[in-house]
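Spelled out from the first residue to the last, the chains are:
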Amino acid sequence: MTINISGEAAIVGVANTEFSKNSGVSELELASVAVRDAIADAGLKPSDVDGMTTFTLDNTDEIEIARAVGIGDLTFYSRIPHGGGAATGLIHQAVMAVASEMAEVVVCYRALNGRSGHRYSSGVSGTLLTADAIHWGWYTPYGLMTPASWVAMYTQRYMHLAKDVQDAMFEVAHIQREYAVTNPAAFFYEKPFTRAEYDASRAIVSPFRMLDCCMETDGGSAVVVTTAERAKDLKHPAVIVKGVGQAAAADMESMTSFYRPEIAKIPSMDIAAKVAYQQSGLTPDDIDAAIIYDAFSPIVLWQLESWGFCGELEAPQFVLDGALRPDGRLPTNTHGGQLSEGYIHGVNGIVEAARLVRGTSVNQPAKDIKNVLVTSGVGVPTGGALLGLAD
Amino acid sequence: MNTFNYADVKVGDKLPALEIPITASLISCGALATRDFEPCHHDKSVAQGMGLTDVFMNILTSQALMARFVTDWSGPEAVMKGLKVKLGAPNVPGMTMTVSGEIAAKDDAENSVTVEVTGENNIWGMHMSGSVRIALP
Amino acid sequence: MTPEEKKAFEDELYTYVGKAIYSAPRKGYDDVNTAMIRQWSEVMGDKNPAYNDSEWAAKSQRGHTIAPPAMMYAWTQEGYKVASEGRPADGQVEMVQFFDRHGFSGSLGTNVDQEYFVEAKPGDSIFEESIIDSISEQKSTARGIGYFFETYAKFTNQDGVLIGTQRFRVFKFIPPVEAATAPAQDGALEVPTRAVSPRGQDNKWWWDACDEGKILIQRCQNCQTLRHPPRPMCGECQSTEWDSIESTLDGEVYSFVEMHHPKFPGYQYPLVVAVIDLAEGTRIIANVVGCEVKDIHIGMKIKGKVEQVDPKTMLPQFYPVAGSAA
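Residue numbers (the numbering used here), protein chains in the order written: chain A, 1021 to 1411; chain B, 44 to 180; chain C, 619 to 944.
A hint or two may mislead.
To be verified - Mimicking DSBU-like on lysine-lysine, the simulated pairs with C-alpha atoms at most 35 Å apart in a straight line are: (1) K624/C / K637/C; (2) K1183/A / K921/C; (3) K1041/A / K637/C; (4) K1211/A / K127/B; (5) K1041/A / K149/B.
Stated by the list, open to error - For the chain C half of the interface with chain B, some residues (derived, Cβ under 7 Å), not all of them: (6) P621; (7) N670; (8) Q732; (9) F745.
To be verified - Label pairs and their computed distance ranges (CB to CB): (10) G1063/A / G899/C: 51 to 61 Å; (11) Y632/C / A147/B: 45 to 55 Å; (12) V809/C / T1380/A: 48 to 58 Å; (13) E81/B / Q776/C: 20 to 30 Å; (14) K129/B / G899/C: 47 to 57 Å; (15) Y632/C / A132/B: 42 to 52 Å; (16) S1120/A / V809/C: 49 to 59 Å; (17) T1380/A / R705/C: 31 to 41 Å; (18) D150/B / D1271/A: 33 to 43 Å.
For the record, the hints were derived by calculation from the structure and aren't laboratory data.
By construction, the Cβ of each residue, glycine as well, lies at the ideal position given by its N, Cα and C atoms.
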């Protein structure tokens, strides 16, 4: 027997902590606060929760949080690897758990002192003999050792093939900052920038400037998933999970898949999109807004192509036509994205996607929002979810 | 010694790089020559109490080396108008600092050029970065 | 600090803004003089004749020697008392002690901006007037949590002529606990080298050959398919039998980046890393060197050789093939 998980589960509670450069508290506290607030947002009690899922990268044990928050017995717990690639993977886990009755209420969480603690931009190093260390060893001796450097390698190739990429990167970074300017929770609230400031911002790894890169953040985010049935009686309109896909395409390396015939695209996301569209019966035309993982500005472009909003190499034009703006075809990253709201490995994006469906985003577009796409980090095994109101 | 004429230099011109061996003598004597008697610049035990391996260079010496780097190039008739320096990692004995620079701007009203200067040591990287504005004949 | 304590601390801290550091303009103990100028020039290795060669100077545009402008702040410094008795009290010392008492005992000069209007010459007296010009809000930096303060100084001569100004920015912060409790020891500085590639069963042979100056490409003994980076099984035929061929290192740039920030100790800049199509059909990641960065482009023909890039590291480095750059 096969089951289609579409419509079986819903996001019913969401929460972010404050985003800052220095939280002054432990990651356990950030995670506990986010989890507690997401449960409260759902109108549930901690004791209702019986499942938890997070990133392998998360430093905080689920059982520590469960104890801190007063969650009782757990019958489901799991972790997804590959950094930001795990974001919607948490939804994937939670949906499978509730659809198969392994659990009824699953909390997905991610919390990190990403700025005051370990910073991902500081690069990879170390001499432990793991498969991972051997993998990085093909790159780090040459200096290729930061996330920006790996993604820049794909970007240079994309610039070689597509037109107006730099202008489109600016548009992505700029429109997201404009959203953050009106989002009081955003790191860059009321801090706009101009094209001249973008062009003058510090070179990080050519072709990236500082304003193409997200800023590491301290903070936590959590979402609560339960069955569509139970969701009907809860506080907010249910945010139904209509489709969710996860994929690692052939010939994959973590961040350095430089050996495929063409590297200016994201085959893993192509697969995740296909899976999610198939489950949901939706097409790109049905999607009204999007939260697209944006650790760096150009990765938004490739994902627009993967999800079929435009053809291959056409994303720059799509974006430059104003598609991502509040009145555009696909208002995108309305919270400011990770470039300008905060970098919680995409889980703050799931929070925002749920708010868009509920109609409660701080930058809620004027048009009706029925279905919203939210994606995970790319360059690694990735995924995406289609969320919407019940039909 | 010749001095460059304003008309003969252009934005993008690079200055000859200068390698400076960082020694305890340079650090302590530099501190005294700039009348900076803070013990951390001449007393190793004080510097070690601060967590460094040895005495470290004072700011006025870093400024002096930056100024020297630019006038070595410009020649003695040039008139210094301004010097900005941002400090990075400390210079301690045993390092080598490489100072490099490039003309970043020209100001016709003042006949001055702004030279962007960086000094990087071979152990910890950027020690100083900044600019020197200097008027040429 | 609780929020209440922080507020009380900041309320008092910000009263220092605008305060004069000295009660009256401070006169340098000695007038500008050739002895101190000579000593400064010797130590700094500065052979500028405008400072020490009176014969040359007499014939120069100026007609006399000058003090190095960068000495401006040296003339009014306190002197040896700082080491023997401690820095005498003044407005800045008072504020610094206030910081120290509240745990912000770390101190780091971060920026100095000087403007020069008139060149000082031997015989001039130098006067300094300074104020605490600004104190930032609380900042969190890599050093720790603290405040930036900035002093503003005006330097005049005996005729009251403004010869220069200075802004001096200092970060006062709470030092990390480890630094305070673990004094450093003597020891040679370790010169940094490139990141070491860890060697395990599946890749050691490749790096060992690189150390010998050869770049190898793994080959399936069963189906002859080449593969890189090395792995224990052939993805085409699942054979674990393999040998290798030596690459000619004839290649072409497939994509590339230039690393700017952060800079890593042990690496030479400009630093370009490329994905390279090798003539054998596999790809390799390596540095492109030997030309201007602006001349590097996708499709550029390059040729590699294995070189010693630092005392511990052998790596393939690729150079443009004549006529391919530009």
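Going down the list of hints, with the structure as the test:
1. Restraint check for K624/C and K637/C: satisfied, since their Cα atoms lie roughly 21 Å apart, inside the 35 Å limit.
2. For the proposed pair K1183/A and K921/C, the alpha carbon gap of about 30 Å is at most 35 Å, so the pair holds.
3. Note on K1041/A and K637/C: the hinted pairing holds, with a Cα-Cα distance of about 31 Å set against a maximum of 35 Å.
4. At most 35 Å may separate the alpha-carbon atoms for a hinted pair to count; K1211/A and K127/B meet this at roughly 27 Å.
5. For the given pair, K1041/A sits about 38 Å from K149/B by alpha-carbon distance, which is inconsistent with the 35 Å threshold.
6. This hint is violated: P621/C has a C-beta 31 Å from the nearest C-beta of chain B, more than the 7 Å allowed.
7. A hinted interface residue such as N670/C counts as satisfied when its beta carbon comes closer than 7 Å to some beta carbon of chain B; here the least separation is about 10 Å, so the hint is violated.
8. With a cut of 7 Å, the hint placing Q732/C at the interface with chain B holds, because the nearest CB-to-CB distance is about 5 Å.
9. Hint on F745/C is violated. Least Cβ distance to chain B is approximately 16 Å, over the 7 Å limit.
10. Distance hint for G1063/A and G899/C: a CB-CB separation of about 60 Å, consistent with the stated range 51 to 61 Å.
11. The supplied range of 45 to 55 Å is broken by Y632/C and A147/B, whose beta-carbon atoms lie about 36 Å from each other.
12. Taking the beta carbon of each, V809/C and T1380/A are about 57 Å apart, inside 48 to 58 Å as hinted.
13. With their beta carbons about 28 Å apart, E81/B and Q776/C fall inside the hinted range of 20 to 30 Å.
14. Taken as a hint, the range 47 to 57 Å holds for the pair K129/B and G899/C, whose Cβ atoms sit roughly 48 Å apart.
15. Between Y632/C and A132/B the beta carbons are some 31 Å apart, a value that contradicts the proposed interval 42 to 52 Å.
16. Under the hint 49 to 59 Å, the C-beta atoms of S1120/A and V809/C, about 58 Å apart, fit the expected range.
17. Between T1380/A and R705/C the CB atoms are about 58 Å apart, so this pair departs from the stated range of 31 to 41 Å.
18. In this structure the supplied range 33 to 43 Å is violated for D150/B paired with D1271/A, their Cβ-Cβ distance being about 55 Å.
Hints 5, 6, 7, 9, 11, 15, 17, 18 from the earlier list are contradicted by this structure; the remaining hints agree with it.
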